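K.L.:
Spelled out, the chains give:
Protein chains: 2
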Amino acid sequence: MTCPRIAVDAMGGDYAPDEIVAGAIRAQAELAAEIILVGDPEPIQRYLDEHESGIKLKIVPAADVVEMHEEPLIALRRKPNASINVAMTLVKKGEADAVVSAGHSGAAMAAALLRLGKLPGIDRPAIGAMFPTLLPSKSVLILDVGANVDCKPRYLEQFALMGSIYSQFVLGVEEPKVGLLNIGEEDCKGNDLALQAHSLLRDNPRISFLGNAEGRDVMSGQFDVVVCDGFVGNVLLKFAESLGGVLVQILREELPKGWRGRLGTALLRPNLRNIKQRIDHAEHGGGLLLGVDGICIISHGSAQAPSIFNAIRLAQEAVEHQVSQRIQACYQASSVVGEGD
Amino acid sequence: MTCPRIAVDAMGGDYAPDEIVAGAIRAQAELAAEIILVGDPEPIQRYLDEHESGIKLKIVPAADVVEMHEEPLIALRRKPNASINVAMTLVKKGEADAVVSAGHSGAAMAAALLRLGKLPGIDRPAIGAMFPTLLPSKSVLILDVGANVDCKPRYLEQFALMGSIYSQFVLGVEEPKVGLLNIGEEDCKGNDLALQAHSLLRDNPRISFLGNAEGRDVMSGQFDVVVCDGFVGNVLLKFAESLGGVLVQILREELPKGWRGRLGTALLRPNLRNIKQRIDHAEHGGGLLLGVDGICIISHGSAQAPSIFNAIRLAQEAVEHQVSQRIQACYQASSVVGEGD
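Chains as they are written, first to last, in my numbering: chain A, 70 to 410; chain B, 70 to 410.
This is chain A alone, in the form it adopts within the complex:
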């Protein structure tokens, strides 16, 4: 297999282009991937020159950028040369295999839908995000975390199937255990959406459905994939993302100021840093847009070089493990095809 080609939106994000380019340089050096930077060549080249890394990166020019305050669909239409449009077009034309962007996430999703389209059998793409769990090396994939605020039961079934494929082939989980985010363990609990989704998930032989996952079960490590509508998922994701900051603030206030505190803190410093990292969801990197005909990683707007590097690695792995092809094959092989809206 040839080396995955990753188109990186160099203009999107709070720290663009410098931190994006820095992450791309590291990825080009360390990963078996070909990085294509999409954006204004002048500041990109300047950064490359200033940091004589010896790394050669391909640059595809894109004059415009979708600003955070813009309405995605209008901006994408008004700015055909926006970096996210150009990056998606590279994938569409077969000149790249994946897109990574830390820019306007609504615009990235809209551009993916417009340029790449949905996979056959998928009604709605979903954004998946990894949450940490109690178990040190285990994460759980939550989807959807924001692409679809109102969902139908069969969307959740599709999220479960896409999440299972990702978990199995990219994360190497043999038989991913799927949970339905809900307000009680019992089958009869939940709102209309949850009740109907429950029976779809239970009856689908391709899904290893463990049952309802309550809020307290999300980080328990029991589940590999948890599905929910994009409203609940987004609230939970952003709540979880704020925990690292809350913890640091509380540590700052509660750790003692005198010699006892200074000594104790000094002795434990590397461990406290590890603890923060495990809790701090922001360090876990980007969200994955599943269900479009191509690989798209949507990074956090505040992503800096390490996050961008992680996002590029995610993209590389998703391409290598043929996530889109496997989702497509799964729907072609079965009769589980969307019934239209």
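Rather than coming from a laboratory, the hints here were simulated on the basis of the structure. Mixed in with the good hints there might be a few duds.
If several chains are the same, the list does not tell them apart, and a pair holds so long as it fits within one copy or across any two.
[Claimed, not checked] List time: in silico DSBU-like cross-link candidates among lysine-lysine, alpha-carbon distance up to 30 Å:
no., residue 1, residue 2
1, Lys221, Lys161
2, Lys148, Lys258
3, Lys207, Lys307
4, Lys221, Lys187
5, Lys246, Lys162
6, Lys326, Lys207
7, Lys221, Lys258
8, Lys127, Lys148
9, Lys187, Lys307
10, Lys307, Lys221
The structure displayed is predicted, hence computed values, not measured ones.
Following the hints, complete the assembly by docking chain B onto the known chain A.
P.N.:
Showing chain B alone in chain A's frame:
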């Protein structure tokens, strides 16, 4: 004003009756409240005898108890002498001012609705829960956290009004800032429920509406009251409740084992305990059922004596500050009356 009389469901909860009675003894000793224990007199009296506290507690006999696996409405009808039924009846007859229960929360809510009824102008009662925030002495009231899985926009408006009254008169917040839990800061963000609730909240002159609260804003301290439907609120509450346990587990794994770790941990022990307490939502006590004609505190099933004591104090404060009367007055004075379902 006479001393608030608090009917405590001695039979409800994982540690009933012993821990419930223990919490009640402390409350009777320390608070200006009259505690009425409702339940099987024999084990209650045995506990009182064994722990010669010198405290006299009134006992009202109730032979039955609603078990956790029972369907609330059926159980309440089949067991008129269940402790939660008897406790609610005491309030209905004017023999008690409030109920505290750590038993089946669905049964407590159903019993409150059946025996006490809703306050005029309120379509749906809500359960409110306090979350910690970044600011040391500040909490935020989230409602609904589980009473109503499917909500209409005007329910959220009522939750905001009830939450504001509670925040102002019981928690002493001068002008409670209200947020609408949502997936973006902008007014145009959200699902149908959030979009419609947004304009109701914005246009209600009795509500100090600050705008949308994203998941990351919940613990920021900007808001005093955050409203949402009971599905999202319950997921968030249970997720938050699991954080204390996750943190302890991570600390156990990440704090070093050798002399450095032992010494560092020993130096910081009291502080680490404080940190856990601030994050551990379970320590913050019970939920408050707002919108029924009486005060009901719904404690966690796993509540032990300290939580029960806190719940009783919450009930006492709510009675003293006339929360129900103020909600009622607010609706009588205005034309904001439910339009029926």
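K.L.:
For every hint, state whether the structure bears it out.
P.N.:
Status of each hint after checking the structure:
no., hint, in the structure
1, Lys221 - Lys161, "within (29 Å within a copy, 42 Å between copies)"
2, Lys148 - Lys258, "between (47 Å within a copy, 23 Å between copies)"
3, Lys207 - Lys307, "both (20 Å within a copy, 20 Å between copies)"
4, Lys221 - Lys187, "within (17 Å within a copy, 32 Å between copies)"
5, Lys246 - Lys162, "neither (36 Å within a copy, 51 Å between copies)"
6, Lys326 - Lys207, "between (35 Å within a copy, 22 Å between copies)"
7, Lys221 - Lys258, "both (17 Å within a copy, 19 Å between copies)"
8, Lys127 - Lys148, "within (22 Å within a copy, 75 Å between copies)"
9, Lys187 - Lys307, "within (26 Å within a copy, 34 Å between copies)"
10, Lys307 - Lys221, "both (23 Å within a copy, 24 Å between copies)"
Going down the numbered hints, you'll see the structure goes against just number 5.
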